[in-house]
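Please put together the full structure from these sequences, using the hints given.
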Amino acid sequence: MTHSWTEVQALGVKAASGAGVPPAQALAFGAMVARHLADGGAETPIAAALRAPDSIVALALRVEKVIEGASMNASAVTVREADAGARALLFSWLSGLPCQTALTLADDTIIASLNLAAPSDRSRPDRVPLGPELQEQMQELAAKTYVPDSDASRSAGAGAGLMDLD
Amino acid sequence: MPLRPPGDVMRLARMGAMMPTRLSFLRVLLRRLCAERAQITRPVWSMTAAGHGHAVYSLDLSGHTYSLVAISTDLPADQRSDRVIATAWDAAFVLFDGVPSPDDIARIAENAPRQEAGRFSPRDLVLSRANKSVRMWNATVDALRAGGQPDATMIRDIGYLMRTTAVYGNGKFGIADRHVIAGRPGLDGPFAAEMLTVYLIRHFTLDLVQHVGQGRLEPGLARHLGIGNATGLGMAPFLVNHPVLLNNWMVARETALGRVRSIERLTDPEQAQFHALHVRAARHLSEWHVPAPDHNQVLRDLEAEWQAFQPHFDALDGPHPLEKLWQAAQAQSVPCQELVVALMLEPFGDLIDGLAECMGDPFGPLAAPFCGTDALRQAIEADWAWALTADYTQADACRRFWYVSAAKLEPRLGDRFAEPGAELETPLDIARRVAALYRDLPAGDGPVSDFLAQYPDHALAAFRVCVLSRYPYADIRDNLIAATCKPIDMLRCKLSFFGATKFDPKSDLWTRITLAQGAPLGDELTPENDDWWLPVLAH
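One line per chain: the protein sequences are A and B, in this order. First residue of the first sequence? That's 1 in this note's numbering, and the numbers climb one at a time after it. First residue of the second sequence? That's 167 in this note's numbering, and the numbers climb one at a time after it.
It should be emphasised that the hints constitute simulated quantities derived from the structure, not laboratory data. Ideal Cβ positions, reconstructed from N, Cα and C, are used throughout, including at glycine. One thing to keep in mind: the hints can contain errors.
Unchecked claim - One side of the interface only, derived from the structure: several residues of chain B facing chain A at Cβ under 10 Å:
#1 210
#2 341
#3 342
#4 346
#5 528
#6 534
#7 570
#8 578
#9 585
#10 622
#11 627
Right under this line is the structure:
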């Protein structure tokens with residue numbers, strides 16, 4: 001089944017939040033998921049990352065360091081990652097940044113040139129593929145962020161008891 | 167002319183008093199439709215005498231054809247609810263990209279009435295639904311069937327035949343993402359597709375009531391029938407979650423105000439226009455009554471204040487007349503000031519309409535990170551001093567918590583000390599987070615990434631500080647989890663940018679509004695008809 005970009009990104013954010021990832025890193029993870037799947041990336045490393053939320057925080061920090069490096073120095077930043085799955089996610093994460101990025105992948109090394117002042121020129125597809133297993137995993141994690149109804153929320157929710165239908 | 171500082175503008179009390187302007191999104195869209203002399207066609211009309219069935223409306227906008235597919239159903243009275251938890255509505259709508267085939271219509275007719283439970287395609291641009299104002303609907307049908315016209319007073323007091331209870335865009339439930347249409351002229355502005363949908367729904371409601379009533383509405387009355395909307399908390403977090411967009415809306419509006427304040431002299435016709443607009447605004451206020459006593463009192467106070475402020479409109483023949491008018495307004499209430507802002511922008515389309523092109527956010531935040539924790543601290547002290555003064559351990563400074571309800575996956579607001587779920591709080595507590603970040607910053611300088619490695623929970627606050635340093639109107643400068651926080655102020659701000667009028671708050675959590683009241687009818691989309699700011703009943 002295919003989905004809109006926004007659906008996949010939003011589900012990625014909620015899944016990461018449900019896994020216990022802090023909000024900023026979850027937001028960035030969601031954007032990465034949409035970019036990664038839109039570019040034909042494998043679902044396996046996403047599923048693995050969601051099972052190990054610390055790895056998502058670590059990936060976010062590595063991206064932060066790349067951006068920090070780019071902001072201080074115009075030359076390319078080199079990132080080495082031995083694990084193929086984490087490397088793929090790192091590549092997609094950098095590729096999905098809102099700024100202009102030029103990435104080169106050689107063996108276990110990503111060479112990133114970022115222009116933080118210029119917007120990304122990457123296009124987005126109309127649809128993003130998302131397999132049922134990953135979707136289910138993400139939905140289960142996302143559900144952990146929802147608050148069940150209570151008597152208090154039902155009586156205090158917007159519009160509760162105030163429906164003067166005209 | 168310097169812009170009003172964000173510390174003044176981005177306060178909830180002021181945002182909650184904002185009025186629609188000629189930069190509001192529905193107004194921008196209608197201006198374009200009028201400039202292009204758009205023509206609405208109705209290629210499909212399959213309705214029973216009672217008004218149940220489906221219809222398709224199409225129009226060309228800047229080289230693209232868009233169609234509204236409208237599905238009207240027979241809704242039992244006991245199922246009619248404006249709440250987002252409703253599961254059935256009088257009518258459902260999809261704005262379709264192009265002209266739908268019979269198969270497309272059949273697919274939409276199957277899915278649109280199910281709304282969130284349906285599934286949609288990338289050619290479906292917007293999904294919406296609406297309920298009748300039963301009182302207005304029945305009165306109009308009865309009057310038309312009797313060969314007459316509905317009561318003008320009732321039209322003035324209600325203002326619409328149907329009200330939408332949700333208008334979904336940007337990828338929800340499988341519809342097209344925003345980026346699919348973001349580059350198209352006419353739909354490139356914020357919420358342009360949603361506003362086109364709303365305008366076509368209004369057109370449909372007028373058609374439908376005349377079909378069922380078997381008569382013609384007088385144009386003056388029809389024009390004053392807009393489209394209602396009931397909006398709750400679902401809209402509020404948007405302003406927090408889209409900081410660059412919020413910044414761009416505000417910058418455009420404040421830049422427009424700055425340009426107008428700089429005008430050196432007004433011509434005689436311009437002065438006359440200011441007088442006329444003051445009178446129109448006074449009439450609009452006199453026609454704007456709401457049931458809630460506290461909100462109605464605000465309106466009555468504003469009505470009286472507006473009349474008392476009138477003499478300042480007699481002193482517009484000297485140098486820098488609008489700066490003087492603006493300075494005089496500074497002694498008035500915040501609602502009066504915001505009404506003055508909206509009025510001052512109205513006559514100067516040539517000067518400010520181009521700013522509407524800067525109100526989108528096609529790129530996302532392009533904010534370079536701080537080079538070190540010292541710079542981060544300095545930015546907090548410069549831009550967030552207001553956030554550092556609160557004691558967030560006090561109950562009333564953190565009483566509220568935002569969350570997503572499991573029942574409908576919609577934003578809600580709870581009482582941290584009376585309701586379960588605070589541990590699942592949605593991070594709209596930006597002020598508290600920035601204050602916590604500030605407390606934990608090290609005494610010495612160092613890379614922000616090293617700091618965030620130690621404190622990953624502070625990454626969101628660090629990001630917001632970074633964004634605000636580049637986009638000064640990006641954050642609401644109030645504590646959004648304080649007991650005193652009124653979400654209705656956030657709704658008013660956003661809805662005023664949509665172009666809403668006749669705000670009718672039902673509580674601090676939701677409001678009814680009217681859109682497109684006074685807007686040109688479907689056969690009146692010509693340039694001379696872009697004059698419907700703060701509509702008054704012309705009957």
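These are the hints, each one checked on the structure:
1. 210: violated (25 Å)
2. 341: With Cβ-Cβ at 7 Å, under 10 Å, it holds.
3. 342: holds (7 Å)
4. 346: Holds, about 6 Å.
5. 528: holds (7 Å)
6. 534: holds (5 Å)
7. 570: holds (5 Å)
8. 578: holds (6 Å)
9. 585: holds (4 Å)
10. 622: This hint holds: residue 622(B) lies near chain A, its Cβ roughly 5 Å from the closest one there, short of 10 Å.
11. 627: holds (8 Å)
Consistency note: the structure conflicts with earlier hint 1 alone.
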